[in-house]
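Chain A is already provided as a structure; the job is to place chain B on it using the hints.
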Amino acid sequence: MRYITTFLILFLNWLIWSGMFDAFHISLGVISCALVTFLSHDLFFKEKLSYRNIVETVRFIKYIPWLLYQIVLSNIHVAYLVLHPKMPIEPSMVRLETELKKDLSLVAYANSITLTPGTITADIVDRKHYIVHCISKKVADDLLAGDMEKRIAHIFEEAGYKED
Amino acid sequence: MILTILSVLLIISGIFFFFTATVGLLRFPDFYCRMQATGKGDTLGALLCLSGIAVYNLSDGFTLSSVLVSIKIMLIAFFIFIANPTATHAITRAGLNAGVKPLMKEDLQK
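These protein sequence lines are chains A and B, in that order. When we follow my numbering, the leftmost residue of the first sequence carries the number 1, and every step to the right adds one. When we follow my numbering, the leftmost residue of the second sequence carries the number 1001, and every step to the right adds one.
Pulled out of the complex, with its shape left as it was, chain A reads as follows:
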């Protein structure tokens, strides 16, 4: 199952990037995708595929529009800070506790924090705390409200979080 999924993902990428659909190029693609799949099938999916992976993928795709909306909102906030004549920034380092356990959800949360403007994840300490640099009080309050963490936990079905 892992072999087939990896092969299909690779082959889809081949088709998009090559853009030539004659027999010669497609057969080249099949050969090279099969070779790469054979050599590195355990790279994409470490564990066996299950129903959970599909659920996580669908939920992650649903999460992206919300993330984009947040990015636009907070980018406008940063643009306001930059263009304001007095530049009302209040930089601070926030220590943010997290309940997330899995590698993937920790990475997704850290990247989401960094993507929303006004906050940068500087470090993860002992997989329990994030050190986050915030540029104004508003973004720090938004972050400490923990809305984003709940959404991430929902995507990856972390233990200890109730489903809404």
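Simulated from the structure, these hints should not be mistaken for lab results. The beta-carbon is built from N, C-alpha and C at its ideal position, and this holds for glycine as well. Please note that a few of the clues may not be correct.
Beta-carbon label-pair distances, calculated as ranges [as the list claims (entries may be wrong)]:
# : chain 1 : residue 1 : chain 2 : residue 2 : range
1 : B       : Lys1101   : A       : Arg52     : 43 to 53 Å
2 : A       : Leu68     : B       : Met1104   : 30 to 40 Å
3 : B       : Val1069   : A       : Ser40     : 22 to 32 Å
4 : A       : Arg52     : B       : Leu1003   : 15 to 25 Å
5 : B       : Leu1003   : A       : Ile4      : 34 to 44 Å
6 : B       : Ala1087   : A       : Met20     : 27 to 37 Å
7 : A       : Lys128    : B       : Ile1012   : 37 to 47 Å
8 : B       : Ala1087   : A       : Ala145    : 24 to 34 Å
Okay, now just chain B, sitting in the frame of chain A:
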């Protein structure tokens, strides 16, 4: 025609965010605040500009080759979306490890 107008709007708003990122880089007082301005404004600016280009590419009609080119442009945007926050985080962490002191709001009020 509609697609052209849409792409112009997207590119103009993208350039606006690039502009604020650059102004922020020049105006903000310390290392971390400057990372804030550039790391983020660039991501959204690049995303908007690239989607504008992708939409403009479709304005001559939806053929297989033009759709493929648009998909490739959006894949570039996706790559920037993954790579840019990672790079921002890496630079910030390097600064923290090297002992660059972050400027706090108490310092600003002096």
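Now the hints, each set against the structure:
1. Against the hinted window of 43 to 53 Å, the Cβ-Cβ separation of B:Lys1101 and A:Arg52 comes to about 44 Å, which satisfies the hint.
2. A hinted range of 30 to 40 Å holds for the C-beta pair A:Leu68 and B:Met1104, which are about 31 Å apart.
3. For the pair B:Val1069 and A:Ser40, the supplied restraint of 22 to 32 Å holds, since their beta-carbon distance comes to about 29 Å.
4. A hinted range of 15 to 25 Å for the beta carbons of A:Arg52 and B:Leu1003 is inconsistent with their spacing of about 40 Å.
5. Distance hint check for B:Leu1003 and A:Ile4: the Cβ-Cβ separation is about 38 Å, which falls inside the suggested range of 34 to 44 Å.
6. As the Cβ distance of B:Ala1087 to A:Met20 is approximately 33 Å, the hint placing it in 27 to 37 Å holds.
7. Separated by about 44 Å at the C-beta atoms, A:Lys128 and B:Ile1012 satisfy the suggested range of 37 to 47 Å.
8. For the pair B:Ala1087 and A:Ala145, the beta carbons lie near 27 Å from each other, so the given range of 24 to 34 Å is met.
Hint compliance for this structure: hint 4 is the single one not met.
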